[in-house]
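With chain Y fixed as given, assemble chain P onto it according to the hints.
As they're listed, the protein sequences go chains Y and P. End of the first sequence = 349 in the working numbering, gap-free, step of one. End of the second sequence = 349 in the working numbering, gap-free, step of one.
Possibly wrong hints are sitting among the right ones.
Identical copies look the same in the list; a pair holds intra-copy or inter-copy alike.
[Unchecked claim] With a Cα cut of at most 35 angstroms, we get these calculated DSBU-like pairs of lysine-lysine:
1. K316 <-> K174
2. K3 <-> K316
3. K214 <-> K44
4. K214 <-> K174
5. K44 <-> K33
6. K174 <-> K336
No wet-lab data here; the hints were simulated from the structure.
Protein chains: 2
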Amino acid sequence: MAKVVIVGAGVMGSALTIPLADNGHEINLWGTKYDQEVMRSIRKTRTHPRLGLALPGGLHLFALDELAHSVEEREIILLGVASGGIKSVMEMLGPFLKPGMVIVNVAKGLEEMGDGEIITIPQVIARALPQQLRSHIPVVAIGGPSKAREVAQRVLTSVVFASSSVRAAQHCRKIFTTPRYTVQVTSDVIGVEVGAALKNGYAIALGMCDGLKKREGVETMNNTKSTFFAQAAQEIALLSRMLGGRSATVMGLAGVGDLYVTSAEGRNITLGELIGSGLPAFQALEEMRKRRETVEGYPAIGIGYRLARKLEDSGKLRMNQLPLLKALWSILYQDKPAHEILFSLRLMA
Amino acid sequence: MAKVVIVGAGVMGSALTIPLADNGHEINLWGTKYDQEVMRSIRKTRTHPRLGLALPGGLHLFALDELAHSVEEREIILLGVASGGIKSVMEMLGPFLKPGMVIVNVAKGLEEMGDGEIITIPQVIARALPQQLRSHIPVVAIGGPSKAREVAQRVLTSVVFASSSVRAAQHCRKIFTTPRYTVQVTSDVIGVEVGAALKNGYAIALGMCDGLKKREGVETMNNTKSTFFAQAAQEIALLSRMLGGRSATVMGLAGVGDLYVTSAEGRNITLGELIGSGLPAFQALEEMRKRRETVEGYPAIGIGYRLARKLEDSGKLRMNQLPLLKALWSILYQDKPAHEILFSLRLMA
Numbered sequence: 001m002a003k004v005v006i007v008g009a010g011v012m013g014s015a016l017t018i019p020l021a022d023n024g025h026e027i028n029l030w031g032t033k034y035d036q037e038v039m040r041s042i043r044k045t046r047t048h049p050r051l052g053l054a055l056p057g058g059l060h061l062f063a064l065d066e067l068a069h070s071v072e073e074r075e076i077i078l079l080g081v082a083s084g085g086i087k088s089v090m091e092m093l094g095p096f097l098k099p100g101m102v103i104v105n106v107a108k109g110l111e112e113m114g115d116g117e118i119i120t121i122p123q124v125i126a127r128a129l130p131q132q133l134r135s136h137i138p139v140v141a142i143g144g145p146s147k148a149r150e151v152a153q154r155v156l157t158s159v160v161f162a163s164s165s166v167r168a169a170q171h172c173r174k175i176f177t178t179p180r181y182t183v184q185v186t187s188d189v190i191g192v193e194v195g196a197a198l199k200n201g202y203a204i205a206l207g208m209c210d211g212l213k214k215r216e217g218v219e220t221m222n223n224t225k226s227t228f229f230a231q232a233a234q235e236i237a238l239l240s241r242m243l244g245g246r247s248a249t250v251m252g253l254a255g256v257g258d259l260y261v262t263s264a265e266g267r268n269i270t271l272g273e274l275i276g277s278g279l280p281a282f283q284a285l286e287e288m289r290k291r292r293e294t295v296e297g298y299p300a301i302g303i304g305y306r307l308a309r310k311l312e313d314s315g316k317l318r319m320n321q322l323p324l325l326k327a328l329w330s331i332l333y334q335d336k337p338a339h340e341i342l343f344s345l346r347l348m349a
Numbered sequence: 001m002a003k004v005v006i007v008g009a010g011v012m013g014s015a016l017t018i019p020l021a022d023n024g025h026e027i028n029l030w031g032t033k034y035d036q037e038v039m040r041s042i043r044k045t046r047t048h049p050r051l052g053l054a055l056p057g058g059l060h061l062f063a064l065d066e067l068a069h070s071v072e073e074r075e076i077i078l079l080g081v082a083s084g085g086i087k088s089v090m091e092m093l094g095p096f097l098k099p100g101m102v103i104v105n106v107a108k109g110l111e112e113m114g115d116g117e118i119i120t121i122p123q124v125i126a127r128a129l130p131q132q133l134r135s136h137i138p139v140v141a142i143g144g145p146s147k148a149r150e151v152a153q154r155v156l157t158s159v160v161f162a163s164s165s166v167r168a169a170q171h172c173r174k175i176f177t178t179p180r181y182t183v184q185v186t187s188d189v190i191g192v193e194v195g196a197a198l199k200n201g202y203a204i205a206l207g208m209c210d211g212l213k214k215r216e217g218v219e220t221m222n223n224t225k226s227t228f229f230a231q232a233a234q235e236i237a238l239l240s241r242m243l244g245g246r247s248a249t250v251m252g253l254a255g256v257g258d259l260y261v262t263s264a265e266g267r268n269i270t271l272g273e274l275i276g277s278g279l280p281a282f283q284a285l286e287e288m289r290k291r292r293e294t295v296e297g298y299p300a301i302g303i304g305y306r307l308a309r310k311l312e313d314s315g316k317l318r319m320n321q322l323p324l325l326k327a328l329w330s331i332l333y334q335d336k337p338a339h340e341i342l343f344s345l346r347l348m349a
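Just chain Y, same shape as in the assembly (with noise of 0.2 angstroms):
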């Protein structure tokens, strides 16, 4: 039995209580000031809002104030938080922390500094720990195909456990796996977060074929979406490769897997539908923010691309190589009519 602690009441920590009490681990959880909400919620009826799930019943609920005491000889710290809170809450979390203790993070993707340099999440929290303790913490990160909702459901699930200590991702593995809940380890970090980043980025334009059909008079467009997807595949891989990261990466769970999961639901396929059937991006995006859904695919394809102009300002690639991720810049960043862009993309050959 492990002791654990989950930092943040989102949806995807919250709903990782399922596959570690399967497995009989003893789990407090601590939710920040944006979670208050829900964890009076799940204070009073045992479920979580957002999911609409109930949580286990053995879960050791925290106050707002009680941090330090729910991350008392833990020896996980699941870190729950939206990738914008990491840096706040692991200043929160740092005179708390000990040598021994693994870092697991559920924010995944690439984040821009100040001065413009691009890294990714694993590497925020690692920049984020107090400078004595930067050897002797590891930080591991999950990626892969997974909506909380299901896991919490217990859907067969498999995740990617990266972290540059394989060993302590084998341990987490341990502690994590269940038969609805399997974990596979890496040691490629930058291909899991490349992945993570930029597939929301492109499950927009798979979104946007939901709207041209409407717009061309036809029932499907599935030769489109199909297209795209290869295309999405072959731009990660070459981005991923391009910084470190392996092309097998992109070929698994964290790559082609979690950017079909991407590309069945959600925010990215909605603001693509809303752009392909007509309306400019900064329509769409409003209209996105009426209904309070952050698109975490629009800042992506932001990142992306100046992430491979930089790689082209030092002669790593081409722009054309990224005829993909060109095109949804100009569609996202520019205004450009998605159907204009997207019928004339000259793909590789």
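For chain P alone, kept in the frame of chain Y given last:
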């Protein structure tokens, strides 16, 4: 302007009249004895009954006894017959073929010979050519995600022309390419054909999720589908590599692209859904036969499994590197219950 004859009035050959006519080529269409009702309907209404769409006006239609006449002076023979009909049609065509002609083929995949040898469809065609013409008539195979109906509706489609003669493939690319039908060229015939054959089989696993979710009482099983999608890509890549294909092909249109389009809808998905919801395979196959629907993925799993066993016998791989293929084989050919087999699947770590 090129002179083209389409041999066989199936849905894909007929759909390709659209890009060919858009490019102003002269098109003959000859139907096999099985196509005569279709030919009558086209003659009468210009509409292909199975496509439900009008074919180009300038099409020259030929009667069953006019094969010789239809092939005269053609530089492109577009073979539009199903894989099972290729040998007999090639025998009929033999006397009319001339050096300089190119055969473009739409049927995809692998065929098992009487002696157990497994070869690609382009090999079947090449072997059926008159001896003296074998090095004078190149065979170009069309791979990648293309549903015939969408091709005929000018939905943006991207395909792969694969040939050991890259020059012939490039020549055909010029003839077929339109703004809505784009063509990439590759020499990796093995990679394209292995992907084309096996994607049908692996799509059955994705269909099974649609059946299993009812059984499990959940609305979606996208995590599981994505797991199987990624696993299928990896297993196709492994098999293809062992036979001399390239991994990059699996990452492209003819691999994940084709797998994606096949997973969207179709008979393989329907068969999978029937089995996933609880029917043993033999009953589900009986049900499909009643509906007069042949399921390409079923024999594909049989051939794929026997191919893998041969590769294992020669020490090139181990069957447990292909857990999803093994699982599908035991569900489809040994009537094992899908939920038991799939939920206890051990994927590669």
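At most 35 angstroms between CA atoms: does that hold for K3 and K316 within a copy, between copies, both, or neither? neither (45 angstroms within a copy, 44 angstroms between copies)
35 angstroms Cα cut-off: does K214 pair with K174 within a copy, between copies, both or neither? Result: close only across copies, 30 angstroms inter versus 48 angstroms intra.
Pop the pair K44 and K33 into one bin, within, between, both or neither, using alpha-carbon distances up to 35 angstroms. within (18 angstroms within a copy, 72 angstroms between copies)
Cα distance capped at 35 angstroms. Does K174 pair with K336 within a copy, between copies, both, or neither? Between. Shortest inter-copy distance 29 angstroms satisfies the 35 angstroms Cα cut-off; intra-copy 49 angstroms does not.
Up to 35 angstroms CA-CA - K174 versus K316, copy category: between (39 angstroms within a copy, 31 angstroms between copies)
Alpha-carbon proximity context of K214 and K44, limit 35 angstroms: between (45 angstroms within a copy, 31 angstroms between copies)
Hint check: a violation occurs at hint 2 only; the rest are consistent with the structure.
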